[in-house]
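In the order they appear, the protein sequences are chains A and B.
When you number the first sequence by this note's numbering, it's gap-free, plus one each residue, and the end is 417.
When you number the second sequence by this note's numbering, it's gap-free, plus one each residue, and the end is 417.
Hints listed in this document are in silico derivations from the structure and should not be mistaken for laboratory results.
Do not take every clue at face value.
Unchecked claim - On the chain B side, residues computed to face chain A include the following (Cβ under 8 Å):
hint: 1; residue: Thr20
hint: 2; residue: Leu270
hint: 3; residue: Ala290
hint: 4; residue: Ser295
hint: 5; residue: Glu305
hint: 6; residue: Ile308
This structure is a prediction, so every number in the text was calculated from the model and none was measured.
Glycine included, C-beta positions come from ideal geometry on N, C-alpha and C.
Residue strings, one per chain:
Number of protein chains: 2
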Amino acid sequence: MNAEILCVGTELLHGDIVNTNAQYISKKLAEIAIDVHYQSVVGDNPDRIRKAFETGFSRADLVISTGGLGPTQDDITKDALAEYFNAEMTYNESSYQHVKEMYSRFRKDLPNNNKRQAYFPKGSIILNNPNGTANACIYRGEDSQGNIKTGILLPGPPKEMEPLIDNEVIPYLKQFSNQVVYGEKLVVVNIGESAAEEMILDMIENQTNPTIAPYASAGKVIFRITAKAETKEKCIELIEPVKAELINRFGKENAYVTESGKVEDKTAELLLENNLTIATAESCTGGMVASRLISYPGISKVFMEGFITYSNDAKMNTLNVKRETLEKYGAVSEETAKEMAYGAARAAGTDIGVSTTGVAGPDGGTEEKPVGLVYICVYYNGKFNAQKIMATGSREIIRDRASTSALDLVRSAIQTN
Amino acid sequence: MNAEILCVGTELLHGDIVNTNAQYISKKLAEIAIDVHYQSVVGDNPDRIRKAFETGFSRADLVISTGGLGPTQDDITKDALAEYFNAEMTYNESSYQHVKEMYSRFRKDLPNNNKRQAYFPKGSIILNNPNGTANACIYRGEDSQGNIKTGILLPGPPKEMEPLIDNEVIPYLKQFSNQVVYGEKLVVVNIGESAAEEMILDMIENQTNPTIAPYASAGKVIFRITAKAETKEKCIELIEPVKAELINRFGKENAYVTESGKVEDKTAELLLENNLTIATAESCTGGMVASRLISYPGISKVFMEGFITYSNDAKMNTLNVKRETLEKYGAVSEETAKEMAYGAARAAGTDIGVSTTGVAGPDGGTEEKPVGLVYICVYYNGKFNAQKIMATGSREIIRDRASTSALDLVRSAIQTN
Numbered sequence: 001m002n003a004e005i006l007c008v009g010t011e012l013l014h015g016d017i018v019n020t021n022a023q024y025i026s027k028k029l030a031e032i033a034i035d036v037h038y039q040s041v042v043g044d045n046p047d048r049i050r051k052a053f054e055t056g057f058s059r060a061d062l063v064i065s066t067g068g069l070g071p072t073q074d075d076i077t078k079d080a081l082a083e084y085f086n087a088e089m090t091y092n093e094s095s096y097q098h099v100k101e102m103y104s105r106f107r108k109d110l111p112n113n114n115k116r117q118a119y120f121p122k123g124s125i126i127l128n129n130p131n132g133t134a135n136a137c138i139y140r141g142e143d144s145q146g147n148i149k150t151g152i153l154l155p156g157p158p159k160e161m162e163p164l165i166d167n168e169v170i171p172y173l174k175q176f177s178n179q180v181v182y183g184e185k186l187v188v189v190n191i192g193e194s195a196a197e198e199m200i201l202d203m204i205e206n207q208t209n210p211t212i213a214p215y216a217s218a219g220k221v222i223f224r225i226t227a228k229a230e231t232k233e234k235c236i237e238l239i240e241p242v243k244a245e246l247i248n249r250f251g252k253e254n255a256y257v258t259e260s261g262k263v264e265d266k267t268a269e270l271l272l273e274n275n276l277t278i279a280t281a282e283s284c285t286g287g288m289v290a291s292r293l294i295s296y297p298g299i300s301k302v303f304m305e306g307f308i309t310y311s312n313d314a315k316m317n318t319l320n321v322k323r324e325t326l327e328k329y330g331a332v333s334e335e336t337a338k339e340m341a342y343g344a345a346r347a348a349g350t351d352i353g354v355s356t357t358g359v360a361g362p363d364g365g366t367e368e369k370p371v372g373l374v375y376i377c378v379y380y381n382g383k384f385n386a387q388k389i390m391a392t393g394s395r396e397i398i399r400d401r402a403s404t405s406a407l408d409l410v411r412s413a414i415q416t417n
Numbered sequence: 001m002n003a004e005i006l007c008v009g010t011e012l013l014h015g016d017i018v019n020t021n022a023q024y025i026s027k028k029l030a031e032i033a034i035d036v037h038y039q040s041v042v043g044d045n046p047d048r049i050r051k052a053f054e055t056g057f058s059r060a061d062l063v064i065s066t067g068g069l070g071p072t073q074d075d076i077t078k079d080a081l082a083e084y085f086n087a088e089m090t091y092n093e094s095s096y097q098h099v100k101e102m103y104s105r106f107r108k109d110l111p112n113n114n115k116r117q118a119y120f121p122k123g124s125i126i127l128n129n130p131n132g133t134a135n136a137c138i139y140r141g142e143d144s145q146g147n148i149k150t151g152i153l154l155p156g157p158p159k160e161m162e163p164l165i166d167n168e169v170i171p172y173l174k175q176f177s178n179q180v181v182y183g184e185k186l187v188v189v190n191i192g193e194s195a196a197e198e199m200i201l202d203m204i205e206n207q208t209n210p211t212i213a214p215y216a217s218a219g220k221v222i223f224r225i226t227a228k229a230e231t232k233e234k235c236i237e238l239i240e241p242v243k244a245e246l247i248n249r250f251g252k253e254n255a256y257v258t259e260s261g262k263v264e265d266k267t268a269e270l271l272l273e274n275n276l277t278i279a280t281a282e283s284c285t286g287g288m289v290a291s292r293l294i295s296y297p298g299i300s301k302v303f304m305e306g307f308i309t310y311s312n313d314a315k316m317n318t319l320n321v322k323r324e325t326l327e328k329y330g331a332v333s334e335e336t337a338k339e340m341a342y343g344a345a346r347a348a349g350t351d352i353g354v355s356t357t358g359v360a361g362p363d364g365g366t367e368e369k370p371v372g373l374v375y376i377c378v379y380y381n382g383k384f385n386a387q388k389i390m391a392t393g394s395r396e397i398i399r400d401r402a403s404t405s406a407l408d409l410v411r412s413a414i415q416t417n
């Protein structure tokens, strides 16, 4: 079975929002080995919606749409589907009760054309939407050419659509697939993308299950190891030896695996596993290092305190950075980064202190200390590990890159200790 | 002129990445009043790429593609375009020099099939790509049915594609449009979405230029005011009176306008305009409030210091929160939030202190203090302004919502002072 995802919404065509629905559905279908061949987006235009369904069914077995289930005359995905399958629209009383209840819950007046949301192509499986007025539906049947096609119509808002995919659509579709696909991400640091690819080229070329493929990710080198089998457990069995060989080739200090591919997750896991407490001292990243670590549930056991010492006064008063250090080397220097990391660990009484200080731009750069120059440092076990980074890009990209490097320096300090 | 955006990339169909390219291009085309009727995504499959171009040109005057300009046999967007227009592929020496120079800059070996990247449909305008090996191109001509169509082929990586759109494609396309579209976002706080809509329903229904439309944004009520005219200046002239009337209806404390729609931008602007210094004290948001403020260029003039006091010890030692307060009311309480805000302002010597303390989950909730409960407080001018929030959703959504509210509380404290 192969699929097309059809997202309906003028706000997508105007570029007001990014199409996270298409990504979410694609990812979930990939996990049960249903191939998505096309994604498409069309506005709230009845004619173009009808044509988009025709185009979709002409090239895919399954079309999953999002949006177009509202109460207005422009909301016509159900009508388009019924027309495609030459099915009647029939009234569903329990969906009407659902609409009424939802409107009263949100204390909104029931619009005049409210009954539209209770009509579905005859023969549909109706999916109850606990987070919005619009129930969803699945229709499977023969089209005018005698081909068996499946149409699934979902609401547009992600907080309504995502639970329906997880709880209704994927369980339904599993009958058409007897395989699962499972992947993990190997993050490689300290090695450039092409050098890393070269080191494992033979593996990339000769592996078929799991496959190894470079994974697009700004500023990071990530390989995705993906296996296909009857169960997730069998996938993991296939992945394990390949993973071990990859880490062996790159070296433990240069490569690690996470399901998410996020360095903060790996660093947080290591801190918790080893029961190591940490404090952060940030200048240019301004809380981003702490915020990313704190996104990890349960981190409060080891994350004690963070200091965002943006001004020189704050660096001196809060972290005990020496005035002479700031005067002699400047706030953006390895020496200041070291005193900040040490100062954070000392002030918070933690095992580890990590610091960042740099020029995030767009202004404030000099010839000697240009925009993008950042020093980071980890203090752990009486030792300092400092690094100089030259990042390019916008203020946000520079801050993101610096916080990624700082989090990774903590990881590497723990793993190579 | 109407357009279709065609993004080529298997990683999109797998849901590995979200399609920011389609959003970026759509937004830029909307600004010059070129309507996008469809967006589509297809994998790196030569047959399906060819068909996608045919489908695109059958329903749009202009097809802009991203991806498929690489050196491999799967990279065939240029061939597909040439076939559609029945044009030859011709070699372009300066593009070949560009490829060679780029490969040497990234210290990569030039692949054997390197010359592919120097071939273009004969008659193309070649666009120099300063950030990657693949030059882009524009082809305008008659198709086999005698219709004039335009194809624009861009590379896939956003950091290569975006500058080409801004510097080459939009200036080129302006000849086909004599209008610009310009919009601003009005953010409404303290008023629910449907109540807000009702308050301005007559304006929404009767305005044609500018239009006023609700704008989808998680947890925020935003209206987009959009005008169409010959110049941006004329658009702004059209928007001004409508904006004033909207702010008048909602009240200055409940509504504000920014181009980005981001509360941190408005708050940072107000701090800088009024030369007010600020310090942050965060528990559950863990640096997110500070990090969002610090994303604003030039904020170092007023942002002095941030404290991420995750543990009770940190709250007492660093912010001088009283032990009795923590024991009597708990860390997640209005009283603690107040002492944190005051403590931050006092420790950093700033005009304003802002604090957050709450239960971000997924664990740690109790019946009395459930996951999602957050207290925020602003200390300014000797006065405290505290707020209790009950957020729902994941750990990240709760933290995001709490930091948005904290930033907005600072805005409102300044604007209503």
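Structure-based check of all given hints:
no. : hint   : in the structure
1   : Thr20  : 6 Å, holds
2   : Leu270 : 18 Å, violated
3   : Ala290 : 4 Å, holds
4   : Ser295 : 6 Å, holds
5   : Glu305 : 4 Å, holds
6   : Ile308 : 3 Å, holds
Of the numbered hints given earlier, the model fails hint 2 alone.
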